[in-house]
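**Student:** Letter by letter, the chains look like this.
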Amino acid sequence: MLSSPYIAEQSSVSIIMLKVLAALVPGIAVYVWLFGPAILVTLTLASVTALVLETIAVRLRGWPAKPFLMDGSALVTAWLLALSLPPIAPWWLIVVGTFFAIVVAKHLYGGLGNNLFNPAMVGYAVLIISFPVQMTQWSAPLSLAGAHLSLLDSAQYIFTGILPDGLKLDAISSATPLDTLRTQLQLEHTVREITRLPIFGNLGGTGGEAVVLMFLLGGLYLWLARIITWHIPAAFIAGLWITGGLFHISDPDRYISPWFHLATGGVMLGAFFIATDPVTGATTPRGKLIFGAGIGILTYLIRTLGGYPDGVAFAVLLMNIMVPLIDAYTQPKVYGHKQKEPAE
Amino acid sequence: MSQYRDIIVNGLWKQNPGVVQLLGLCPLLGISNSVVNAVGLGLATTMVMTFSNGSISAIRNLVSHEIRIPVFILIIAALVTVIDMAMNAFIHPLYLVLGIFVPLIVTNCIVLARTDSFAAKNPVLPSMLDGMMMGLGLTMVITLLGALREVVGKGTLFSGLDLAFGPAARAFVIHVVPDYKGFLLAILPPGAFFGLGLLVALRNWWDLRSKKRAAQHLPAGLAQGVN
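Sequence order for the protein chains is Y and L. Each residue of the first sequence is one higher than the last, beginning at 798 in my numbering. Each residue of the second sequence is one higher than the last, beginning at 328 in my numbering.
Derived from the structure by calculation, the hints contain no laboratory data. Hints may be right or wrong, so weigh each one.
Derived BS3-like pairs (lysine-lysine); straight-line CA-CA distance at most 30 Å [claimed, not checked]: (1) L:LYS481 <-> L:LYS508; (2) Y:LYS863 <-> Y:LYS816; (3) L:LYS341 <-> L:LYS508; (4) L:LYS508 <-> Y:LYS965; (5) L:LYS538 <-> L:LYS341; (6) L:LYS481 <-> Y:LYS965.
Put together the whole structure using the sequences plus the hints.
**Tutor:** Below, the structure written as structure tokens:
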């Protein structure tokens, strides 16, 4: 006879991390289909670097390496970082970013479970601050690019910086929709004119919107598999959409529709995969709502009023700082206790 | 003589203001983005500390306990003004680079800390030595940090030497990594925090290691007392 509690399966860190990786696969597949295979090279390089650095860091701390490598958290960090970087970024950019993610943000802060800041986003922030030029060389969608890079050509370009004969970087790279929007707005064009440019798709960017949709579906799978709760993604998306909507209503020529913001950049990846990190995010239900909404609002403000192309990373890091405060003020009341002691 | 030796060892190593006391961090973090800046500000601080410790020690019996802090600050401020004007006159280009950080030596807590904790209780000569050694200890750390940040951030060493010694000194700039793209983070303020953190860790690791070694050489009964 069975008696309570009825636990259907044993949940462990490695199973959770494996499911997270699986949820990223459809997004990556569409990414390869629409932008070329370069992202596979970046993902592999980041994964190998992350595992090597994780091994070294764990060994230095005098712990056995195997259980830490098997938990898969280094792989998740590597994949999230690689997916935030331009797919044709030079190899050293990925190595430096992974180093800051795994060694500085994770192990110097005490390892998995003790890190204050989301490792992948620390890696991204270091890179965007230090190497702004390399961080803005994005692959053009294949439907718009003048030339296609094969897997081998991509690897050669990433590792040596040499393109196949007669090919210019301009033919395979392009500004992202967010970058285009920013530069065109500075040239006093209206949103209506800008969105006619070919890089803009139906809702977000050409190609990019399909990848974003896949990340959304992957995120919904994580929710259905009960790996994440709905609070953070929903609050993130609502915060971004409502702030964007208010700006859009106030001046539609200057502020693009909030749907565009949802469908571009790192929003879906950030909402379902990055902000939901159980270590660096808020843990109470109400806290998660505040945490998510804060990221959404900050993302919009940084994108629209700030100087960086995408605001998700900085928004996540800023809200990471707030987590202890948020958690302290949103403790749910214990059943049977009154919220406040009655005044005497 | 052992008293003087203690003062020197304390200032440079045991009580090093940069990596042990963690005092005077504002200029340490603010100006340590190149070796030349670091040495310039470090030496200016050393001068101020030597003379402020000396002069405050000389009047220590005349100042009543309750009003000592304002009196100390006034003396320090006067000395800083002298250094400030001297740098303005003799090494003007470097003075322009260091900017607000030279007058800010007044507010640097390591200066006040040494006057209050050492000069106010000790005779003139040891006090001056203490100020100088603490200043040199700080200069050492700030220079190391400056070198670290400059090499990682710009791939050079001693860039800006011409600011102190005229255009001819430009030939002495060392390009450690030729054709370096630059790692902006090391030059920006976060780089200072990362760098200082690493230096503090390095020193703690060194201390721990030498303690362990000392313990190994002691008989088993004594070893526990050391740790």
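**Student:** The structure should be examined with respect to each hint, and the outcome stated for every one.
**Tutor:** For each hint, the structure was consulted:
no., hint, result
1, L:LYS481 <-> L:LYS508, "holds, 8 Å"
2, Y:LYS863 <-> Y:LYS816, "holds, 20 Å"
3, L:LYS341 <-> L:LYS508, "violated, 38 Å"
4, L:LYS508 <-> Y:LYS965, "holds, 21 Å"
5, L:LYS538 <-> L:LYS341, "holds, 13 Å"
6, L:LYS481 <-> Y:LYS965, "holds, 29 Å"
Checked against the numbered hints above, the structure breaks only hint 3 and satisfies the rest.
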